[in-house]
Amino acid sequence: MSTPATPIWEVFIRSRSGLAHRHVGSVHAADATLALQAARDVYTRRGEGLSLWVVPSSAIVASDPADKEMMFEPTGSKIYRHPTFYEVPDEVGHM
Amino acid sequence: MVTTSITVDDTGFLRLVLARADDALVLGHRLSEWCGHAPILEEDLSLANIALDLIGQARSLYALAGAASGHDEDQLAYLRDDRQYRNLLMLEQPNGDFACTIARLFLYSAYIDPYWRMLATSGSELAPVAAKAAKESAYHLRHSAEWLIRLGDGTAESHRRAQDALERLFPWTGEMFEPLPDDVAVPVAVWDAQVDAVLAEATLARPAPKWQQTGGRAGRHSEHLGHLLAEMQHLQRAFPGATW
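These protein sequence lines are chains A and B, in that order.
Using this note's numbering, you'd call the opening residue of the first sequence number 571 and step up by one each time.
Using this note's numbering, you'd call the opening residue of the second sequence number 2 and step up by one each time.
In short, the hints are calculated from the structure, not lab data.
Computed from a prediction, not measured in an experiment: that's the story for all the values here.
Each residue gets a CB set at the ideal place from its N, CA and C atoms; glycine is no exception.
Hints may be right or wrong, so weigh each one.
A few chain B residues that face chain A, going by a derived Cβ cut-off under 10 Å, partial list only [to be verified]: (1) Glu43; (2) Glu44; (3) Leu46; (4) Asn50; (5) Leu90; (6) Gln94; (7) Trp148; (8) Val191; (9) Trp192; (10) Pro208.
With these hints in hand, go ahead and build the complete structure from the sequences.
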């Protein structure tokens, strides 16, 4: 439970092979420094990461689940937006 | 079933290795007692991680001591009685509250972190162990210092508890500076500077110098070590050589 003394922080890790930081979970901590230590202790015990971010959960602006139809369903019929009509040469690698 | 205790003639190199190994094992065991009891889940894992670092350090050192004494690491940990243990008295004291646990970890880490760093470049037989331990102790020092600053500079109660912890622990800190055979010596001034800087930020007062407790390096322990060993050694004493 988040309390005024220990707010929640979202944790992002960049793994050894990863290109971007990925969200892995959250921790409670009194401030940013302790949040980073808590993230290290909770989420990198098995060599998962080379870089850590912590972000106050309160800083995240989220879409409203009730807006799902308006926000996300209209794209379902627009298959021409998927780049499935191209052949990606092997040399391009990760996209 | 009775398992006979072993005694080790700890002179010279063995004395040094066992002292450092016993420090790590006893503090590691104390920290492991927090598992499932820490104030928050995050800190529960932090303390368990640190305990495992310390027990890992102890294992590496017991392996070296084993080569020199003819006993393996389990025998050295599980079959020596308290009078054979060479750890610092401060480290065997019961955990007390969270502030006391953190303050002890800080006071020890402020000594052992520069110690491992010096040892790693000393040409000692322990240098490889020291190089690995230094990376761990650096985090132990940072973690305990950050907590001590927040406890000292936190609420009236956390400040009082942190100050009480320092008053209780300081008489045991002098023992860290007793020389061991063929060892490197961390200058007291290095420890003083580290401790004073963190205490200042934590708005905590350094306790006035008093008499210093001694005896751990000679095997003269407080009553608490016997209880700690009874719990730690019980399984191997009851079922010798048990594994899982």
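Quick rundown of the hints versus the structure:
1. The restraint placing glutamate 43 of chain B at the interface with chain A holds, with a minimum CB-CB distance near 4 Å, inside the 10 Å limit.
2. For glutamate 44 of chain B, the interface hint holds, since its Cβ comes within 10 Å of a Cβ in chain A; the closest pair sits about 8 Å apart.
3. Interface hint at leucine 46 of chain B: satisfied, since its Cβ lies 5 Å from the closest Cβ of chain A, which is below the 10 Å cut-off.
4. Evaluation of the asparagine 50 of chain B hint against chain A yields a held restraint, the C-beta minimum of about 5 Å falling below 10 Å.
5. A cut of 10 Å between beta carbons decides the hint on leucine 90 of chain B: the least distance to chain A is about 28 Å, and the hint is violated.
6. Using the Cβ-Cβ criterion of 10 Å, the hint placing glutamine 94 of chain B at the interface with chain A is not satisfied: the shortest such distance is roughly 24 Å.
7. Interface hint at tryptophan 148 of chain B: satisfied, since its Cβ lies 8 Å from the closest Cβ of chain A, which is below the 10 Å cut-off.
8. Restraint check, valine 191 of chain B versus chain A: the minimum CB separation of about 24 Å is more than 10 Å; hint violated.
9. A distance limit of 10 Å between C-beta atoms decides the matter here; for tryptophan 192 of chain B the minimum to chain A is near 23 Å, and the interface restraint is violated.
10. At its closest, the beta carbon of proline 208 of chain B sits 26 Å from a beta carbon of chain A; the interface hint therefore is violated under the 10 Å criterion.
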